[in-house]
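Peer 1: Got chain V; can you put chain U on it based on the hints?
Taken in order, these protein sequences are the chains called V and U.
The numbering of the first sequence is the working numbering, which starts it at 1 and goes up by one.
The numbering of the second sequence is the working numbering, which starts it at 1001 and goes up by one.
Treat the hints with care, since some could be wrong.
[Said to hold, decoys possible] In the DSS-like style, the derived pairs of lysine-lysine whose C-alpha atoms are separated by at most 30 Å in a straight line are: (1) V:K100 / U:K1005; (2) U:K1111 / V:K100; (3) U:K1068 / U:K1005; (4) U:K1108 / V:K57; (5) U:K1111 / U:K1068; (6) V:K100 / V:K71; (7) V:K100 / U:K1068; (8) U:K1115 / U:K1056; (9) V:K57 / U:K1071; (10) U:K1005 / U:K1108; (11) U:K1108 / U:K1054; (12) U:K1111 / U:K1054; (13) V:K57 / U:K1005; (14) V:K11 / V:K57; (15) V:K100 / U:K1056; (16) U:K1108 / V:K14; (17) U:K1054 / U:K1005; (18) U:K1071 / V:K100; (19) U:K1056 / U:K1005; (20) V:K71 / V:K11; (21) U:K1056 / U:K1111; (22) U:K1111 / U:K1005; (23) U:K1068 / U:K1054; (24) U:K1068 / V:K57; (25) U:K1108 / V:K100; (26) V:K100 / V:K57; (27) V:K100 / U:K1054; (28) U:K1071 / U:K1056; (29) U:K1068 / U:K1108; (30) U:K1108 / U:K1071; (31) U:K1071 / U:K1111; (32) U:K1111 / V:K11; (33) U:K1056 / U:K1108; (34) V:K11 / U:K1108; (35) U:K1071 / U:K1054.
[Said to hold, decoys possible] Footprint (simulated), chain V over chain U, 3 or more residues, beta carbon under 8 Å: (36) 1039 to 1046; (37) 1084 to 1094; (38) 1107 to 1114.
Derived by calculation from the structure, the hints in this document are not laboratory data.
Think of the CB as a built atom: it goes at the ideal place given N, C-alpha and C, for glycine as much as any other residue.
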Amino acid sequence: DTGVSQDPRHKITKRGQNVTFRCDPISEHNRLYWYRQTLGQGPEFLTYFQNEAQLEKSRLLSDRFSAERPKGSFSTLEIQRTEQGDSAMYLCASSLTGSKIQYFGAGTRLSVL
Amino acid sequence: DQQVKQNSPSLSVQEGRISILNCDYTNSMFDYFLWYKKYPAEGPTFLISISSIKDKNEDGRFTVFLNKSAKHLSLHIVPSQPGDSAVYFCAASASQYGGSQGNLIFGKGTKLSVKP
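Next comes chain V alone, as it looks inside the complex (with noise of 0.2 Å):
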């Protein structure tokens, strides 16, 4: 399967704590992009790299949100002392420069207790 990739599917965790999620886009891919998805909402976007460079960020993306792209591979998004309302669907969409198809993963559902 070389579609894009993201790990954990699922993750469960305490108010408080701290999570990172993964993203492997299709390989030849150099865009990645992060969206969140709540309950009834379409995709929000997050932030995006173009290869290992983040070149923006939704103002959704607070000061305990960090994303990564250190080798212009995967990606890792970090919560730090995550809130109920973090509890959602965070996914991860990859594509080409120049194209505006983005290709999604399955995502990682977070709930926050």
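Peer 2: Leaving out everything else, chain U in the frame of chain V:
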């Protein structure tokens, strides 16, 4: 405020009939539009797209129509099949949008149910 609106949360259609899903947008900077399909416990899957320089794009049973003056697009599925039952998201992108390089703005989705 929502820049991409899907005003119908759900739609039920009989198998073999046409499904029409609608989407409205407010930002005239949007120049590319996409439809994604989402099954439960899966990520959104790209379905079809259209550039603002066109008014129609067709791919098999799926056709997207764009009316720029009305800031409206629609997805037609014909004939509809039970396997088409899913949530459909409309998304828009702008080449130059507050410095953005193409992040997608999504609507809230329409749940399509195709009954046998």
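Peer 1: The structure should be examined with respect to each hint, and the outcome stated for every one.
Peer 2: Right, here's what the structure says about each hint:
Proposed proximity of K100 (chain V) and K1005 (chain U) is supported: the alpha carbons are some 20 Å apart, at most 30 Å. Between the alpha carbons of K1111 (chain U) and K100 (chain V) the distance comes to roughly 24 Å, so the proposed pair stays at or under 30 Å and holds. For the suggested pair K1068 (chain U) and K1005 (chain U), the alpha carbons sit about 15 Å apart, so the restraint of at most 30 Å is met. Our distance criterion of 30 Å between C-alpha atoms is met by K1108 (chain U) and K57 (chain V), whose separation comes to about 21 Å.
A threshold of 30 Å between alpha carbons decides the hint, and for K1111 (chain U) with K1068 (chain U) the separation of about 25 Å falls inside it, so the pair holds. Proposed proximity of K100 (chain V) and K71 (chain V) is supported: the alpha carbons are some 23 Å apart, at most 30 Å. Distance hint between K100 (chain V) and K1068 (chain U) is fulfilled; the C-alpha atoms sit about 19 Å from each other, no more than 30 Å. For the hint linking K1115 (chain U) to K1056 (chain U), the alpha-carbon distance of about 27 Å falls within 30 Å, and the restraint holds.
About 27 Å separates the Cα atoms of K57 (chain V) and K1071 (chain U), which keeps this hinted pair within 30 Å; it holds. The suggested pairing of K1005 (chain U) with K1108 (chain U) holds, with an alpha-carbon distance near 7 Å, which does not exceed 30 Å. For the given pair, K1108 (chain U) sits about 24 Å from K1054 (chain U) by alpha-carbon distance, which is consistent with the 30 Å threshold. About 26 Å separates the Cα atoms of K1111 (chain U) and K1054 (chain U), which keeps this hinted pair within 30 Å; it holds.
Only pairs whose Cα atoms come within 30 Å are accepted, and K57 (chain V) paired with K1005 (chain U) is accepted, the gap being roughly 23 Å. Between K11 (chain V) and K57 (chain V) the CA atoms are separated by roughly 23 Å; this keeps the pair inside 30 Å, and the hint holds. Distance hint between K100 (chain V) and K1056 (chain U) is fulfilled; the C-alpha atoms sit about 17 Å from each other, no more than 30 Å. About 28 Å separates the Cα atoms of K1108 (chain U) and K14 (chain V), which keeps this hinted pair within 30 Å; it holds.
Of the supplied pair hints, the one linking K1054 (chain U) and K1005 (chain U) holds, its CA atoms being roughly 21 Å apart against a limit of 30 Å. Of the pairs offered as hints, the one joining K1071 (chain U) and K100 (chain V) holds, with about 19 Å between alpha carbons and a cut-off of 30 Å not exceeded. For the suggested pair K1056 (chain U) and K1005 (chain U), the alpha carbons sit about 20 Å apart, so the restraint of at most 30 Å is met. As the CA atoms of K71 (chain V) and K11 (chain V) are separated by approximately 25 Å, the hinted pair is consistent with the 30 Å bound.
For the hint linking K1056 (chain U) to K1111 (chain U), the alpha-carbon distance of about 23 Å falls within 30 Å, and the restraint holds. With a C-alpha separation of about 14 Å, the suggested pairing of K1111 (chain U) with K1005 (chain U) holds against the 30 Å cut-off. Pair hint K1068 (chain U) plus K1054 (chain U) holds up; C-alpha atoms about 9 Å apart against a cutoff of 30 Å. With a C-alpha separation of about 29 Å, the suggested pairing of K1068 (chain U) with K57 (chain V) holds against the 30 Å cut-off.
Between the alpha carbons of K1108 (chain U) and K100 (chain V) the distance comes to roughly 20 Å, so the proposed pair stays at or under 30 Å and holds. Between the alpha carbons of K100 (chain V) and K57 (chain V) the distance comes to roughly 18 Å, so the proposed pair stays at or under 30 Å and holds. With a CA separation close to 15 Å, the supplied pair K100 (chain V) and K1054 (chain U) stays within the 30 Å bound. A hinted pair counts as satisfied when its Cα atoms are at most 30 Å apart, and K1071 (chain U) with K1056 (chain U) qualifies at roughly 14 Å.
With a CA separation close to 20 Å, the supplied pair K1068 (chain U) and K1108 (chain U) stays within the 30 Å bound. This hinted pair checks out: K1108 (chain U) and K1071 (chain U) have alpha carbons roughly 17 Å apart, not beyond 30 Å. A threshold of 30 Å between alpha carbons decides the hint, and for K1071 (chain U) with K1111 (chain U) the separation of about 22 Å falls inside it, so the pair holds. The hinted pair formed by K1111 (chain U) and K11 (chain V) meets the criterion: a straight-line CA distance of about 26 Å does not exceed 30 Å.
Restraint check for K1056 (chain U) and K1108 (chain U): the C-alpha separation of about 23 Å stays at or below 30 Å, so the hint holds. This hinted pair checks out: K11 (chain V) and K1108 (chain U) have alpha carbons roughly 24 Å apart, not beyond 30 Å. For the suggested pair K1071 (chain U) and K1054 (chain U), the alpha carbons sit about 13 Å apart, so the restraint of at most 30 Å is met. With a cut-off of 8 Å between beta carbons, the stretch 1039 to 1046 of chain U has 6 residues touching chain V; three or more are needed, and the interface restraint holds.
Interface restraint, the stretch 1084 to 1094 of chain U with chain V: holds (3 residues with C-beta to C-beta distance below 8 Å; minimum three). Using a Cβ-Cβ cut-off of 8 Å, 3 residues of the stretch 1107 to 1114 of chain U lie near chain V, which meets the minimum of three, so the contact claim holds.
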